[in-house]
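Let the hints inform the model, and build the full structure from the sequences given.
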Amino acid sequence: MAQQTAPADTTADSTEKPDASVVRDALGVGVAVGLSGFAFGVTSAGSGLGLLQTCALSLLVFTGASQFALVGALAAGGNPFTAAAGAFFLGVRNAFYGLRLSQVLALPRAVRPFAAQWVIDETTAVTLAQPTRRAARIGFTVTGLSLYVLWNLTTFLGALGAKAIGDTRAWGLDAAGPAVFLALLAPMLKTTTERAVAGLAVLLGLVLLPVLPAGVPVLVAALAAPVALFVEGRRGGPERRAAAAASRGPGGPGGSAEPAGFAGSGRPEGQDGRDGQRGNGGRDEVEEDR
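Each residue of the sequence shown is one higher than the one before, starting from 17 at the first, in the numbering used here.
Hints are not guaranteed to be accurate.
List time: in silico SDA-like cross-link candidates among lysine to any residue, alpha-carbon distance up to 20 Å [what the hints assert, rightly or not]:
1) Lys179 / Val165
2) Lys179 / Cys71
3) Lys179 / Leu161
4) Lys206 / Cys71
5) Lys206 / Phe112
6) Lys206 / Leu169
Quick caveat, the hints were computed from the structure, so don't treat them as lab data.
So this is what it looks like as C-alpha cells:
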C-alpha cells in the first residue's frame, strides 16, 4: 500500500507549482487590464453619462472594447442607437468565445450562467493557453474574478475623478482601452490570413472614420473577415485541385484508376488478342497446355 500511495503524493506535489504559475499569470493579466477601467470611467463621464450609468455599464456589460466603443461614439456626437449597435456587434465575439470555453472548462450547468459574465478577451486568452482542464479552470476563475473586481472599482474611481481631470481628450485616456485590447490581440495573429483581416479592418476603419457617422466604421470594418476569407479561398483553390489530382494517381481527374501497365480496355498492354480471349476460350487453351 505504501508503494501505491507514493506516486499519488508525487503527482500532487508536481501539480502544485503549475497551479501557482497559472495564478500568477492570471493575476498579471487581471491587474494590468483592470487598471484601464479608470480610463473608461473618465471617458464615460466625459461623454455625458452619469455615475450610475457608467458603473452599470461595467457591472452588467463588462466587455471593455464594447464599452469604449459605446462611450466613444457618444462622445463623438453619434446617434445612441448607432453607438449601441456598434457596441453590440463588437461584443458578439464573446458568444463565440463561450462556445469554445464551454468545451474546455466543462463547468456544471448551474455555474455556467454566472461564468458567462466573465467570458471576455482576457479570460479566453488565459484559459486557452493552459495545458490541462484544471489549469484552464484556475486561469479562467482568477482572471475573471480579479479583472471584474478591479475593473468595476477603477471605473467608479474614474467616474468620480472625471471632473477633476477635465477634458479626457487632452490626456488621451480614451485610447487606453483600445490600446490594451490591441496589445492582447496582436500576439494572437499568427497566420497570414489573421494578419490580413486585422490590417484590412484597421484600414477600413481609418478611411471611413471621417466619412461615416460615429460607430458605423466599426460595423463596416467587420467586412474585412469575409473579404479576406474569400480571397484566400480563391487563391488556394488551384493548389487544392492540383493536390487532389496528384493524390488520384497517374489517371488524374476523371482518368483510369487502373494500375500502370494496363490500358483503358482492361487488357494487359503488349498482349495479343489470343491471350485476351481467355475469358471465353481459355479452358481449351489451358487443356492444350497441359
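Violated constraints from the hint list, given by number and in increasing order: Hint check: 1, 3, 4 and 6 fail, others pass.
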